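Participant: Add chain Z to chain F, keeping to what the hints say.
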Amino acid sequence: MSSKRKSIIQITTFLIAGFFILYGMVRGEVSVVLNKAVNICFECIGLG
Amino acid sequence: MSYIRAGRNKLYMKHSIKRKIVQLAAFGYSNPYLKNFMGGKLYQGKWKQFCNPGLNCYSCPAASLACPIGALQAVSGSVNFKFSFYVVGILLAVGVLLGRAVCGWLCPFGLFQELLHKFPSPKLKLKKAFIYVKYVVLVVFVIVLPIAVTDYMGMGKPAFCQYICPAGTLEGGIPLLLSHKALRQTIGSLFTLKMTILIVTIIGCVLIYRFFCRVFCPLGAIYGLLNEISIYRLEIDAHKCVSCGKCKRICKMEVDPVKTPASAECIRCGACADTCPEGAICLQFRLKSTIMTDRTEMTNER
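The listed protein sequences derive, respectively, from chains F and Z. With the working numbering as the guide, the letters of the first sequence map in order to residues 1 to 48. With the working numbering as the guide, the letters of the second sequence map in order to residues 1001 to 1302.
No lab work stands behind these hints, which were simulated from the structure alone. The structure displayed is predicted, hence computed values, not measured ones. For every residue, glycine included, the Cβ atom is placed at its ideal position computed from N, Cα and C. Honestly, I wouldn't trust all of these hints.
Covered, in the sense of this in silico footprint (three residues per stretch, anywhere, with C-beta under 8 Å from a C-beta of chain F), are these stretches of chain Z [to be verified]:
1. 1078 to 1088
2. 1185 to 1195
3. 1212 to 1222
4. 1271 to 1285
Between beta-carbon pairs, the in silico distance windows are [what the hints assert, rightly or not]:
5. Gln1284/Z <-> Tyr23/F: 30 to 36 Å
6. Val1079/Z <-> Gly18/F: 35 to 41 Å
7. Phe1037/Z <-> Ser2/F: 47 to 53 Å
8. Asn35/F <-> Val1139/Z: 44 to 50 Å
9. Tyr1152/Z <-> Arg27/F: 22 to 28 Å
10. Lys1127/Z <-> Ser31/F: 40 to 46 Å
11. Tyr23/F <-> Lys1128/Z: 35 to 41 Å
12. Arg1184/Z <-> Tyr23/F: 48 to 54 Å
13. Gly1040/Z <-> Ser2/F: 51 to 57 Å
14. Asn35/F <-> Leu1225/Z: 24 to 30 Å
15. Tyr23/F <-> Val1139/Z: 19 to 25 Å
16. Ser1016/Z <-> Met25/F: 37 to 43 Å
17. Lys1127/Z <-> Leu15/F: 35 to 41 Å
18. Ala1148/Z <-> Arg27/F: 46 to 52 Å
Dumping the calculated DMTMM-like pairs for lysine to aspartate or glutamate here, alpha-carbon to alpha-carbon at most 25 Å [as the list claims (entries may be wrong)]:
19. Lys6/F <-> Glu1265/Z
20. Lys6/F <-> Glu1235/Z
21. Lys6/F <-> Glu1114/Z
22. Lys1248/Z <-> Glu1278/Z
23. Lys1127/Z <-> Glu1114/Z
24. Lys1082/Z <-> Asp1151/Z
25. Lys1123/Z <-> Asp1274/Z
26. Lys1018/Z <-> Glu1114/Z
27. Lys4/F <-> Glu1235/Z
28. Lys4/F <-> Asp1274/Z
29. Lys6/F <-> Asp1256/Z
30. Lys1018/Z <-> Asp1151/Z
31. Lys1128/Z <-> Glu1278/Z
32. Lys4/F <-> Asp1151/Z
33. Lys1118/Z <-> Glu1278/Z
34. Lys4/F <-> Glu1114/Z
35. Lys1246/Z <-> Glu1265/Z
36. Lys1035/Z <-> Glu1278/Z
37. Lys6/F <-> Asp1237/Z
38. Lys1246/Z <-> Asp1274/Z
39. Lys1246/Z <-> Glu1235/Z
40. Lys1123/Z <-> Glu1254/Z
If we strip away everything but chain F, and leave its shape as in the complex, we get (with noise of 0.2 Å):
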């Protein structure tokens, strides 16, 4: 893969990865995470 290429598909996945924190944090999506995290997941210990 050319260099020039390769920076070309590293700043536009970035755009992407900014992109999609931003719009999964509009849509609600952090608070499942928090929600999730902050209490015993049953499966993650082998007991769900």
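Facilitator: Below, chain Z without anything else, positioned relative to chain F:
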């Protein structure tokens, strides 16, 4: 053994030493609430809305951040969402910046696996076909099952966490069961399965360098796919390389850094750069390559 090597005009620390310092720091910021082990409680602050770049169970009492694989399954298995833009965005951003350097430098479970491998025992090499298992685990257990298998409310379960993840058993399951008598009474066949996987993982890691990381870790699979375009990367100076093969022999991930510097298996540990007698390999953050990495390019120039 010299820990500090002299460059042309400067002294610099070997990557192996820098990496151990960063790994310990990453383990520290991932699990700072050690007091919680006593009461079997989880940290419930705002930091848990952010994802740890490495694999670290959020049900570990000491954990400060959310596990990205657990969070991904939690959102895609929820009633309202079937895809997590938030977690995928974080993984993409971290992956493009660091690639699998996250595995080599920041993952707490990666550090645990490396420590296990120091245990004296016969050491084995991994058959190459096994490295593809993690992509199957990623697709089946992390992406498909949490969306496809749902209960009557439409909620999916985190299949990877439930049936595979040994980090959850080690960091969350065992400490919480030790501190909660009520939880111990609910132990069943699932916990037996997970304990078996944990034991197999531990034995595997003693015998094979980063066994879980290379064979089963879906996070390693995601970052591995982004290794080709990651900004932090290995660069080989073809002018300096004398093809001695030392870098290939020292690589515990069984990568040939000269042939495939962007290999999906390379965790950017820097062992190859440390061992190169000509200083032809460097690890660096670079948007645009300034080093001639292609041998054919060099031949053409001559």
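Participant: Give a verdict on every hint.
Facilitator: So, going through the hints one by one against the coordinates:
1. 1078 to 1088: This one holds; 8 residues, not fewer than the three required, reach chain F with a Cβ under 8 Å.
2. 1185 to 1195: holds (count 8)
3. 1212 to 1222: violated (count 0)
4. 1271 to 1285: violated (count 0)
5. Gln1284/Z <-> Tyr23/F: 30 to 36 Å: holds (32 Å)
6. Val1079/Z <-> Gly18/F: 35 to 41 Å: violated (27 Å)
7. Phe1037/Z <-> Ser2/F: 47 to 53 Å: holds (51 Å)
8. Asn35/F <-> Val1139/Z: 44 to 50 Å: violated (26 Å)
9. Tyr1152/Z <-> Arg27/F: 22 to 28 Å: holds (24 Å)
10. Lys1127/Z <-> Ser31/F: 40 to 46 Å: holds (44 Å)
11. Tyr23/F <-> Lys1128/Z: 35 to 41 Å: Holds, at about 38 Å.
12. Arg1184/Z <-> Tyr23/F: 48 to 54 Å: violated (42 Å)
13. Gly1040/Z <-> Ser2/F: 51 to 57 Å: At 54 Å between Cβs, range holds.
14. Asn35/F <-> Leu1225/Z: 24 to 30 Å: Holds, at about 29 Å.
15. Tyr23/F <-> Val1139/Z: 19 to 25 Å: Taking Cβ atoms as reference, tyrosine 23/F and valine 1139/Z lie about 23 Å apart, which means the hint holds.
16. Ser1016/Z <-> Met25/F: 37 to 43 Å: holds (38 Å)
17. Lys1127/Z <-> Leu15/F: 35 to 41 Å: Holds: the Cβ-Cβ distance is about 39 Å, inside 35 to 41 Å.
18. Ala1148/Z <-> Arg27/F: 46 to 52 Å: violated (22 Å)
19. Lys6/F <-> Glu1265/Z: holds (19 Å)
20. Lys6/F <-> Glu1235/Z: holds (14 Å)
21. Lys6/F <-> Glu1114/Z: Measuring from Cα to Cα gives roughly 32 Å; hence the hint is violated.
22. Lys1248/Z <-> Glu1278/Z: At roughly 14 Å apart (the allowed maximum being 25 Å), glutamate 1278/Z and lysine 1248/Z satisfy the hint.
23. Lys1127/Z <-> Glu1114/Z: This hinted pair holds, its Cα atoms lying about 19 Å apart.
24. Lys1082/Z <-> Asp1151/Z: holds (14 Å)
25. Lys1123/Z <-> Asp1274/Z: holds (22 Å)
26. Lys1018/Z <-> Glu1114/Z: holds (15 Å)
27. Lys4/F <-> Glu1235/Z: holds (15 Å)
28. Lys4/F <-> Asp1274/Z: Violated: lysine 4/F and aspartate 1274/Z sit about 28 Å apart, past 25 Å.
29. Lys6/F <-> Asp1256/Z: With Cα atoms ~21 Å apart, lysine 6/F and aspartate 1256/Z stay inside 25 Å; holds.
30. Lys1018/Z <-> Asp1151/Z: violated (47 Å)
31. Lys1128/Z <-> Glu1278/Z: violated (29 Å)
32. Lys4/F <-> Asp1151/Z: Violated. Lysine 4/F to aspartate 1151/Z sits at ~48 Å, over the 25 Å cutoff.
33. Lys1118/Z <-> Glu1278/Z: violated (29 Å)
34. Lys4/F <-> Glu1114/Z: It is violated: about 36 Å lies between the C-alpha atoms, which goes past 25 Å.
35. Lys1246/Z <-> Glu1265/Z: Status holds; Cα separation ~18 Å.
36. Lys1035/Z <-> Glu1278/Z: violated (48 Å)
37. Lys6/F <-> Asp1237/Z: Holds: lysine 6/F and aspartate 1237/Z sit about 18 Å apart, inside 25 Å.
38. Lys1246/Z <-> Asp1274/Z: Holds, at about 10 Å.
39. Lys1246/Z <-> Glu1235/Z: Holds, because 16 Å separates the two Cα atoms, which is no more than 25 Å.
40. Lys1123/Z <-> Glu1254/Z: holds (13 Å)
In the structure shown, a violation is registered for the earlier hints numbered 3, 4, 6, 8, 12, 18, 21, 28, 30, 31, 32, 33, 34 and 36, in ascending order.
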